[in-house]
Every structure is written in structure tokens, then in C-alpha cells.
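A.B. asks: If you read the protein sequences in the order shown, they are chains A and B. Each residue of the first sequence is one higher than the one before, counting from 0 in numbering that gives the first Met the number 0. Each residue of the second sequence is one higher than the one before, counting from 0 in numbering that gives the first Met the number 0.
Read the hints as simulated data drawn from the structure, not as lab findings. Careful: at least some of the hints might be erroneous.
Unchecked claim - Derived lysine-lysine pairs resembling DSS-like cross-links, with alpha carbons at most 25 Å apart:
1) A:K226 with A:K339
2) A:K107 with B:K149
3) B:K149 with A:K101
4) B:K130 with A:K9
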Amino acid sequence: MYEIKGLTKKFSNRTVVDIEELFLEKEKIFSLLGPNGAGKSTLLSILGFLSSPDSGEIMFMGQKITYTQKILLPLRKRVVFVDQNPILFTGTVKKNLEFGLKIRKLDKKEMDKRVAHSLELVGLQDYASMPAHRLSGGETKRAALARAIALSPEVMLCDEPTASVDPENQESVNQAIKIINQENKVSILFTTHDRFHAFSLTNDIMYLNAGKISRTPPENMFFAEAKRIEPDIIEPDHIGNTAEGGSLLSFKNGIELIADIKVSGSIRAHVDPAEIEILATNESKISINLLKGRIAQIALDNDGVRLSVDVGMLLTVFLDLEKYRMRHIKVGDIVNLNVKPCAIKKLK
Amino acid sequence: MEFFIDSFKSAILLALSLDPELFGIVWVSTKVSFTSTLLASLFGLPLGFLVAFKEFYGKWLLITCLNTLLALPTVVIGLFVYTFISRRGIFGPLDLLYTQKAIVIGQFILILPVVATLTIAAISRIDERYKMTAMTLGGNGIQTAWAVFKEARFAVIAAVIAAFGRVIAEVGISMILGGNAKGFTRTMTTAMALEYDKGEFVLAVALGIILMCISFLVNLLFNFFQGRSGTK
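Produce the complete structure using the sequences and hints provided.
C.D. replies: Here it is as C-alpha cells:
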């Protein structure tokens with residue numbers, strides 16, 4: 000779908016996007032994870048042919064992109080960008096959905112069919128005749144998504160599609176994304192800073208940080224064999240919900256951790272780096288979920304540090320700057336880690 | 000005070016009597032003002048739209064020049080156009096001086112910057128995301144521009160109404176380029192000036208009342224559209 004080489008974009012001498020090479024296959028769902036200000040929206044607007052890069056080359060479906068209106072106009076009919084804070088035009092929700100369809104000169108019957116189907120996909124089937132400016136923030140996002148879906152594009156670029164959508168409707172947005180990918184073969188690239196949202200939709204996850212992109216697997220994602228454990232054998236101090244019980248997760252190298260999730264069988268688990276406590280070796284007051292390891296790497300993050308600790312597998316621990324300074328930790332130190340049972344989540 | 004009240008009473012009676020001379024003057028005034036507003040809108044709206052919509056070298060200089068032209072006195076415009084259309088002027092052979100066309104030309108120059116600058120302000124207030132949205136939905140230049148224009152339509156209509164309000168009340172251009180010829184180029188404002196010179200206050204006050212009524216209606220419309228543009 001996209002082949003990118005040496006792509007850069009700067010805003011007043013600050014490099015926002017700097018991608019050496021990237022290849023995105025068609026008909027798949029991709030997620031672009033990254034913190035705020037990582038360059039996600041800028042990259043999406045470049046891929047949506049709404050802004051041009053400062054340098055680099057983009058091939059779209061085998062076609063080399065040159066930034067002239069003659070080339071860009073037909074491309075914009077194939078790729079639709081849904082903004083993080085989308086705008087709806089004055090008029091009804093239906094009028095908004097018809098905007099792009101009229102440009103594509105579809106007949107009325109087909110337009111009505113697509114409008115109804117798209118609105119149903121995002122759970123707004125009863126909103127067609129409602130003035131767009133009366134919609135809430137979340138509804139506006141869903142209406143904008145429906146407006147893009149109605150166009151049946153080859154590629155949809157969604158910037159934080161579930162941000163500010165209430166939890167129950169987040170699921171309808173996710174379902175809509177899955178359905179249009181599976182049924183209409185629409186390639187989708189969406190941005191998020193929620194890794195669970197990313198993994199709930201796709202395994203093709205890219206990471207963008209300070210404009211640089213990588214497909215390296217994320218930190219603290221592990222395969223494990225899970226076994227349910229009953230509430231009575233769980234120590235209340237360690238499991239948040241003792242009445243419900245939890246699971247014993249066996250990782251490679253014989254590492255075992257108790258989680259307060261009810262799962263069994265082979266699972267993919269994520270251990271939240273912020274929910275791992277770091278203890279000095281003489282602080283080992285607890286007996287379960289205690290892992291001993293050596294600090295392999297220390298990297299500064301936005302508002303803290305990320306420590307890579309070798310406990311038999313490489314575990315990332317996030318420490319805020321204050322805690323980090325208090326502990327005087329350095330590479331090579333031996334530490335004990337307390338992995339809180341609530342830190343472990345099951346991934347798709 | 001008694002003099003004012005008497006003049007006012009007589010003026011109202013004159014206005015209500017549907018006096019042909021009075022309404023002839025009102026008709027000329029409305030006609031030339033409407034024509035010049037129409038022409039200024041035809042040129043000013045696209046000009047304002049283009050300046051607001053496009054990025055180009057010298058944009059802010061152009062906006063500054065347009066803003067400066069807002070302060071141009073009507074007498075200066077009158078004299079300026081006069082030099083072109085008087086018998087010795089470059090357009091002298093066209094015999095435009097002391098015609099309604101001459102007033103329209105002068106008024107056009109007066110309100111073209113009004114329409115253009117208010118349109119620039121109206122379009123500039125529209126969120127950039129409207130443009131991006133129309134573009135990503137497949138809109139070409141004209142379709143995108145139209146989508147943005149529709150979002151700014153109330154403020155743009157208000158710009159046109161403001162321009163009409165400006166020309167209907169001006170006197171300098173109509174006096175210098177129209178010549179205040181009875182039945183031809185006599186407008187409400189020039190007639191009022193003349194009647195004042197003659198000491199005939201009744202007709203002047205009657206015309207003043209009608210002018211104020213028209214201005215009031217124009218302002219009502221202006222506020223209505225301004226309000227719509229703010230609350231849509």
C-alpha cells in the first residue's frame with residue numbers, strides 16, 4: 000500500500016517526522032502507537048495527501064507521489080483521513096455523510112444505502128436527520144467515522160478514533176473498523192496512545208517516538224501459560240479481588256507470576272511497567288511475584304526513566320524521576336522487582 | 000424645539016403622503032446603492048475569499064492596503080473619479096459625469112474594500128479543519144472553497160449588508176459625481192444637503208426619517224446575520 004523512504008517533516012526547525020523506511024501492506028489494520036507530540040497526526044496527514052513532506056519519497060499502491068494538485072486530487076478520493084477532533088459541516092448528519100458521496104456523483108439510492116449502513120455501523124442510525132452541531136464530542140467522532148466509511152475508500156487513516164468516545168461506544172467504533180476491514184477490504188491505519196486499544200484491533204503495531212518509527216515488539220509483552228487459582232489460596236494482600244480469584248501465569252525460564260485476572264490456557268500478557276515496584280535486595284519483604292534481576296539499561300523517558308531489568312526475561316520498569324533519584328540506581332545493580340497482580344493484563 | 004417638532008410632524012405627513020418627488024429621490028438612492036453594492040459584492044467577495052483562502056507573497060501588505068482604503072473619505076473618491084470622467088479626463092468622451100453610473104463607480108470604489116475586508120475576516124474565522132475535511136473527502140479546489148464559504152455565509156451576507164448601509168448614507172460621491180440633478184441623480188443625502196441650503200427643512204427631515212428607517216432595517220438584517228454567524 001505505502002512504501003516510504005527517507006520521509007522527513009519539520010515545523011520551525013523541529014523534526015516532527017523522520018522515517019528512514021516503512022512498508023505498509025494493503026487490506027490490513029495497522030496501529031500507530033506513540034505519546035502526544037510524537038508526530039502521529041503529522042504522519043497521518045502526509046499519508047492522507049493533505050500535507051507534503053519536506054523530503055523523502057512515498058509510493059502509494061505502486062505509484063510514486065508527486066505533490067501536484069493533478070496527482071493529489073484523485074488520491075484523496077482513495078484515502079480518507081478522520082481527524083482526532085473532526086469537524087462536521089453545518090447541516091444534518093445525513094448531509095455530512097452525503098458530502099463526499101455527492102463529490103463522487105453517486106445516485107440517490109446508493110447514497111441513501113451507504114449513509115444508512117455507515118450510521119448503523121457506528122451506532123448512529125437514529126441521528127441521520129439531527130443537526131450535526133447538536134452532537135456531543137463522542138457522537139461527532141462517530142459521525143465523522145461514518146462519513147469516511149460511507150465513501151468506501153481504499154485506505155482509512157483514523158487519528159485517535161476512540162479518544163473521547165464513551166466506553167460502550169468505543170466498542171462499536173472498534174467493531175466498525177474491523178468490519179470495514181474484513182468486509183470491504185479497507186486498509187486502516189489508526190493512531191492511539193492506548194496499547195490495549197491497539198492490540199484489541201491488530202497485531203501490526205508501529206511505534207512512533209520523536210518522529211522515528213519502529214516495528215520492534217513493545218516492552219513487557221510475553222506469552223504465558225495461565226492456570227486459574229481459587230480465591231481461598233490467594234493471599235488477600237496480593238490479589239485485588241480476592242472473591243473472584245486470579246491466575247497463575249508461567250512464563251519462560253520458569254518465571255511464575257500471580258495475576259488478578261481470571262484466565263486459563265495459552266495467553267499473551269502485558270505487564271504494565273508503571274505497576275512494577277523496584278526494591279533493593281534487602282527490601283524483599285514479600286514472597287510472591289518477587290523477581291530478582293540485574294539492571295541492563297536505563298533510558299530517560301518524558302517524565303521518568305525506563306529501566307530494562309534482566310530477570311530471565313527482559314522486563315521494563317517505569318520509574319518517575321523523583322523515585323529514580325531517590326534510589327540511586329545504576330546499570331549493573333541487582334534489584335528485586337515486585338510485580339503487582341493488577342499489573343498483568345491479558346492481550347488479544 | 001417647537002420648530003423641530005413642527006418640521007418633524009410635517010416631514011412624517013410628507014413621507015406618508017407618498018409624494019412622487021420624495022419617492023423619486025428614494026428610488027434613485029436605493030437603485031444606485033443597490034447597483035454599487037451588487038457590483039462590489041461581485042468583485043469583493045471573490046477577492047476577499049481568495050485573499051483569505053490562499054497563501055501568497057505580499058498577502059499582509061494587500062490586507063493592510065485594503066484596511067487603509069476603509070478610511071478613504073467619500074469626497075476624495077469623488078474627486079479622484081472626477082479627474083477620470085470629467086470632460087478633460089481620460090474617460091471624458093464616455094459622458095459619465097453627472098449620471099447615476101458615475102455615482103455607482105464612485106460608490107463601488109468606496110465599498111469594494113469594505114466587502115473584501117469583511118469577507119477576509121469572515122473566512123479567516125472559519126476553522127482550518129473545514130478546509131482539510133472537504134479536501135480529504137475528495138473535494139477539489141472549488142468544492143472545498145464552496146464548503147468553507149457555506150460555513151461563513153452569514154458573516155459574508157453581513158459584509159454585503161454593511162456595504163449597502165455605507166453607500167446609502169454617503170453624500171460626497173453622489174454630490175461630486177452625480178451633481179444632484181433633480182429626477183436623475185438626486186439622492187436622499189444630496190437632496191437633504193440642498194434642502195438644508197434652501198432652508199426647506201421639512202423635505203430634508205422627511206428624507207432623513209426615511210434614510211434612518213432604511214438604515215435601521217439594514218442594521219436589523221446585519222445584526223440578524225451577524226448573530227447567525229456567531230451561533231450556528
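A.B. asks: To test your reading of the hints: which numbers does this structure violate?
C.D. replies: Violated hints: none at all, because every hint is consistent with the structure.
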